[in-house]
Amino acid sequence: MAEDGPPAAGGDRLLVDIEGFEGPLDLLLTLARSQKVDLRRISVLALAEQYLAFVAEARGLRIELAADYLVMAAWLAYLKSRLLLPPDQAGEAPPAEDMAAALALRLERLQAMRDAAAALMARDRLGRDVFARGAPEEITHAVRIDYTAGLIDLLRAYARIRTRDEFRPWAFDRRDVYTMEEALDRLRGMLGDIADWAPLEVWLPPGWSTPARRRSATAATFAAALELARQGRLAIRQAEPFGPVGLRPKGPG
Amino acid sequence: MTGPPTTEDAPGLFPAPPMAEQERMVEAMLFASAEPLRAADLAARMPPGCDAAEALAHLARRYEGRGVRLVRVGEAWAFRTAPDLAHLMHREAVETRKLSRAAIETLAIVAYHQPVTRAEIEAIRGVAVSRGTIDQLLELDWIRLGRRRQTPGRPVTFVVTDRFLDHFGLASTRDLPGLRELREAGLLDPRPPGAAAEEDEPPSGQTDLFED
Amino acid sequence: MTGPPTTEDAPGLFPAPPMAEQERMVEAMLFASAEPLRAADLAARMPPGCDAAEALAHLARRYEGRGVRLVRVGEAWAFRTAPDLAHLMHREAVETRKLSRAAIETLAIVAYHQPVTRAEIEAIRGVAVSRGTIDQLLELDWIRLGRRRQTPGRPVTFVVTDRFLDHFGLASTRDLPGLRELREAGLLDPRPPGAAAEEDEPPSGQTDLFED
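Residue numbers (my numbering), protein chains in the order written: chain A, 1 to 253; chain B, 1 to 212; chain C, 1 to 212.
Same shape as in the complex, but just chain A:
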């Protein structure tokens, strides 16, 4: 997996090909491996020198180095000086050996993950070496539907119905209304059948018995009677105020 790393790791010196590396750590790891020893026993001092030489050469060739390469170079230069100088008596900084060991461990860890990645990819893999059932049988789902509705849905629904009523163009509900036209038709038809005075109730249409309907029928019939009286086809009489109203057909003429 690491084969697409640096092109030439032969010898102590690397060709300067910054493109091949995934950052300074990758470069350092490649340099460390060129020491051809266990990563645990690499010479960090030698490694620092190799890295600094690499960076120097890149700069000599006027290759633009990314900032992180330069940061690493600065840090390694510092580490190198610390490793070469006698131990810091003040003890402000961690011992140079610890810093070197930590760097070596970091490189070892990166190498370990690269090896692990390679081992992982080399395993018997599903779809390549190992296969699942090619013709899985569908599990048929019998769907049981659970209907839900919340109180708010219920209230909205009711509100919607009532709101719709409010928006409906206002129209008289004619179901309980007996119109004057209907009454006129009815009275005209009855003129030939009734010969003498008959109370208004007799002239009312059948089935209009509920108070509201009776009221409507009475009003319409009385209005129709007035119209027919005006035309001279009907006589109306009432003995006293609020007394019964009687109607009698009149012959034409």
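If you are wondering where the hints come from, they were derived from the structure by calculation, not from laboratory data. Note that the structure is predicted; figures quoted are calculated from it, not measured. Treat each hint with caution, since some may be false.
Claimed, not checked - Per label pair, the in silico range of CB-to-CB distance:
#, chain 1, residue 1, chain 2, residue 2, range
1, B, P48, A, G23, 49 to 55 angstroms
2, A, D17, C, E139, 30 to 36 angstroms
3, A, G60, C, G186, 37 to 43 angstroms
4, A, A56, C, D141, 45 to 51 angstroms
5, A, L65, B, A44, 55 to 61 angstroms
6, A, D38, B, A44, 48 to 54 angstroms
7, A, P136, C, L145, 27 to 33 angstroms
8, B, K98, C, A16, 38 to 44 angstroms
9, B, A86, A, G23, 56 to 62 angstroms
10, B, V156, A, D176, 54 to 60 angstroms
11, A, R175, B, R144, 24 to 30 angstroms
Think of the CB as a built atom: it goes at the ideal place given N, C-alpha and C, for glycine as much as any other residue.
Let chain A serve as the given structure and place chains B and C on it in line with the hints.
Structure of chains B and C alone, referenced to chain A:
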């Protein structure tokens, strides 16, 4: 085991694998295949000298009485679930679904106007109420039949059930908010110009029509 | 046999089927599924009183050495063809997209260090992890988001999925090759060792600082 030899290149150079091994091969190929495979298909992928037909026969016997069986599909072979276990391949899924608009409106009318006849529901909704809508609400046990109305035709009435109250978290239908409250709650927002909506405010207002 | 009773309605009314029968049921269900199924999934489809785990153990033994094997994938189980028969299967193989080196390394780091934050992955690799790399692994369903780390900023962590285990033939992440050796060598601590590379802030080294 040192990787399998590339047998296609050297037919007959190696002896055919033992029958038990051939059976394993057939088993794996049939398992992984999306389509039933003919004996010839199997043989073409096996080392030379193999007898796919015999391996199939052994394999079929091995799976006799098992949860899966080797079955013949035309000229080909495939693994299939044993028919007596087919019920395991069914699974009941519960799907929650919103009530239809017709159903929720009908339910609301029953709740506000109960006991209410179908004709009355239709008069309030302004459209016919389908048999299915009523049936659905009856099945959900949210409405039930109330007393017959003592009017000509003695129509059945509908009332809401305790399960309805339970589902909607109501102690009784009297807890249902009136139109004014609905409006105040913002559920009846668009106030039509000049319309007096208050005329049938009380939920049971319509009952009067049918008295005496 | 007169059709299976609708056992859901009457749990405990019928005795659990014999183990051989339970084994057949588990066999049929796992054979029918391309995806691993958990013992609980299996049990949910079996009559009450069944012991799916025991049936699985019997079944695993039955398929030992066969062309198809019962393998564990995390908490689930699946039938898979035996790896030594891979050469017969190549016609079935679907070419998987080639993964970049960054993606492969990131995957390994997640598997060996999980739960791991992006900053920790970057500390180990020494370079930034591109959005695309993580996306690709998420899309493959090989990694998923784990719990947020209880450190300042509460960064998300990544863990590997059961599909990852399935793909790489691992029963659990404990079976990752060389896991113990790496841990003993101190190579599975995502914190940057010591003061090395002070240029990048220690990703989770801070944990200790904030825990009492």
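Hints versus structure:
1. B:P48 - A:G23: 49 to 55 angstroms: Since P48 of chain B and G23 of chain A have Cβ atoms about 52 angstroms apart, the given range 49 to 55 angstroms holds.
2. A:D17 - C:E139: 30 to 36 angstroms: Cβ of D17 of chain A to Cβ of E139 of chain C: about 32 angstroms, so the range 30 to 36 angstroms holds.
3. A:G60 - C:G186: 37 to 43 angstroms: Given a distance of about 39 angstroms, which is inside 37 to 43 angstroms, the answer is holds.
4. A:A56 - C:D141: 45 to 51 angstroms: Since A56 of chain A and D141 of chain C have Cβ atoms about 47 angstroms apart, the given range 45 to 51 angstroms holds.
5. A:L65 - B:A44: 55 to 61 angstroms: holds (58 angstroms)
6. A:D38 - B:A44: 48 to 54 angstroms: holds (50 angstroms)
7. A:P136 - C:L145: 27 to 33 angstroms: holds (28 angstroms)
8. B:K98 - C:A16: 38 to 44 angstroms: Taking Cβ atoms as reference, K98 of chain B and A16 of chain C lie about 39 angstroms apart, which means the hint holds.
9. B:A86 - A:G23: 56 to 62 angstroms: holds (58 angstroms)
10. B:V156 - A:D176: 54 to 60 angstroms: violated (24 angstroms)
11. A:R175 - B:R144: 24 to 30 angstroms: Cβ of R175 of chain A to Cβ of R144 of chain B: about 29 angstroms, so the range 24 to 30 angstroms holds.
Checked against the numbered hints listed earlier, the structure breaks hint 10 alone; every other hint is satisfied.
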